[in-house]
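**Student:** Just need the whole structure built from these sequences, with the hints factored in.
Line by line, the protein sequences give chains A and B.
According to my numbering, the residues represented by the first sequence are 649 to 847, in order.
According to my numbering, the residues represented by the second sequence are 649 to 847, in order.
I should point out that these hints are in silico values taken from the structure, not numbers from a laboratory.
Treat the hints with care, as some may be off.
Copies of the same chain look alike in the list, so a pair counts if it fits in one copy or across any two.
DSSO-like mimics (lysine-lysine), calculated; alpha carbons at most 27 Å apart, straight line [as the list claims (entries may be wrong)]:
id, residue 1, residue 2
1, K652, K733
2, K733, K785
3, K729, K757
4, K710, K785
5, K710, K681
6, K652, K785
7, K757, K711
8, K785, K746
9, K652, K711
10, K652, K746
11, K785, K681
12, K785, K762
13, K652, K710
14, K722, K652
15, K681, K757
Note that the structure is predicted; figures quoted are calculated from it, not measured.
Number of protein chains: 2
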Amino acid sequence: MANKARDLETRLERIDQELRLLQRISRYLSTEKSLGQSLDSIVARVVEFTSCDSCLIYLLDKKELVLCAASGEKNEESLGKIRLKVNEGLTGWVAREKTFLALTCEAYKDPRFKSFSQLVEDTYEAFLSAPIIARGKVVGVINVQHRQPHHHSGDEMELLSTIGEMIGCLAQVVHTRPEDLAMAATIELALSTAVVRQS
Amino acid sequence: MANKARDLETRLERIDQELRLLQRISRYLSTEKSLGQSLDSIVARVVEFTSCDSCLIYLLDKKELVLCAASGEKNEESLGKIRLKVNEGLTGWVAREKTFLALTCEAYKDPRFKSFSQLVEDTYEAFLSAPIIARGKVVGVINVQHRQPHHHSGDEMELLSTIGEMIGCLAQVVHTRPEDLAMAATIELALSTAVVRQS
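**Tutor:** If you want it as structure tokens, here you go:
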């Protein structure tokens, strides 16, 4: 019984942590912060809440994925410079296939792997990656990496997928002015289903 | 010890449910569904996952809050018709004060209350409400109501606040075309902080 309680406590702690991470990230969805600031904050929270050694966010510029946010000061100079095509590397594969990818160890030996000499993450063992999705389309990729082999649980994969969906929405926010929201046009769109139902 | 395990199991179940609710709602942030369809789905999920008897979503049209989504078929004809000023009723108070409101019982006796004869919810005892926020501004309100008195936990309040933030982001999505996202402009915004850091 003591074992069961300990096990329950561990699970409770983990799920509570995941819930708090999503709640923290959802704050950025509604703030006035710039996209850059929000992505930096998201990367920091992901590193803080998970036990990963690196978190990288790529956004799509036409057909190229551009590194836009990264944990670790050493990666600052790579921001905006590392660009990869959607058919390049593990990250490109995730964008192309619109699905997450989890590699427990030796990610660098995967046939889809492509090395960028600037990134120390290229030597890391474990790789978890999810597409950033907006309105059904891939607009980026978020990667979480561990130096040592790491078994990714189903919960971890689902959590990163959810974060990818939230970032997709966030990336759209920056193209809208808040004053455009409190408009008849938004209400019309909101009521479109109701009109269909009543007709 | 058996009591402790039971207590832990109950808490685990509740938190797991909250996590799954946020994950389900985040799906709508990234889909191609219309705003109307997404709001309808969110209302259905909130009713399904919480034990509430009603969930209503109002969006701001200039200075009026318009009922845009509601649980219960009986409320369909009120959609788009019930409009209240931001200084009217409990819902208006939440929009004006940009904070959530939790009333355990006799919500209809609150001095801020305003009755709309069409809404059966006006006779309900418990009232939980959170602002829908986009880019720091209130763009709507989400209400969760119980027929009988109901004590709202801190978790329930925080959960509804998070859902309000997610809906705020969702309401912006509809004003952006997906093709506008995969653009140099998004990358520039994403890198703006990095530029500041490096300069």
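**Student:** Hint by hint, say whether it matches the structure.
**Tutor:** Status of each hint after checking the structure:
Taking the closest pair of Cα atoms, K652 and K733 never come within 27 Å of each other, the shortest separation being 48 Å inside a single copy and 53 Å across copies. With identical chains, the CA atoms of K733 and K785 are at most 27 Å apart within one copy only, with a shortest distance of 16 Å there and 37 Å across copies. When the C-alpha separation of K729 and K757 is checked against a cutoff of 27 Å, the pair qualifies only within one copy, where the shortest distance is 24 Å, while the shortest distance between copies is 61 Å. Taking identical chains as interchangeable, the C-alpha atoms of K710 and K785 lie at most 27 Å apart only when both belong to the same chain, with a minimum of 12 Å there against 31 Å between chains.
Both within a single protomer and between protomers do K710 and K681 lie at most 27 Å apart by alpha-carbon distance, with minima of 24 Å and 23 Å respectively. In the homo-oligomer, the alpha carbons of K652 and K785 never lie at most 27 Å apart, since the shortest distance is 43 Å inside one protomer and 46 Å across protomers. Taking the shortest alpha-carbon separations for K757 and K711, only the intra-copy value of 25 Å comes in at or below 27 Å, while the best inter-copy value is 58 Å. In this assembly of identical chains, K785 and K746 lie within 27 Å of each other by CA distance solely inside one copy; the values are 8 Å within and 33 Å between copies.
Neither within a single protomer nor between protomers do K652 and K711 lie at most 27 Å apart by alpha-carbon distance, with minima of 50 Å and 54 Å respectively. Taking the shortest Cα distances, K652 and K746 never come within 27 Å of each other, neither inside one copy (38 Å) nor across copies (43 Å). Taking identical chains as interchangeable, the C-alpha atoms of K785 and K681 lie at most 27 Å apart whether they share a chain (24 Å) or sit on different chains (12 Å). Taking identical chains as interchangeable, the C-alpha atoms of K785 and K762 lie at most 27 Å apart only when both belong to the same chain, with a minimum of 24 Å there against 43 Å between chains.
Taking CA atoms no more than 27 Å apart as the test, K652 paired with K710 passes in neither setting, with 51 Å inside one copy and 55 Å between copies. For a Cα distance limit of 27 Å, the shortest separation of K722 from K652 qualifies neither inside one copy, at 43 Å, nor across copies, at 46 Å. For the homomeric pair K681 and K757, neither the shortest alpha-carbon distance inside one copy (39 Å) nor that between copies (39 Å) is at most 27 Å.
Hints 1, 6, 9, 10, 13, 14 and 15 from the list above are not met by this structure, while the remaining hints are.
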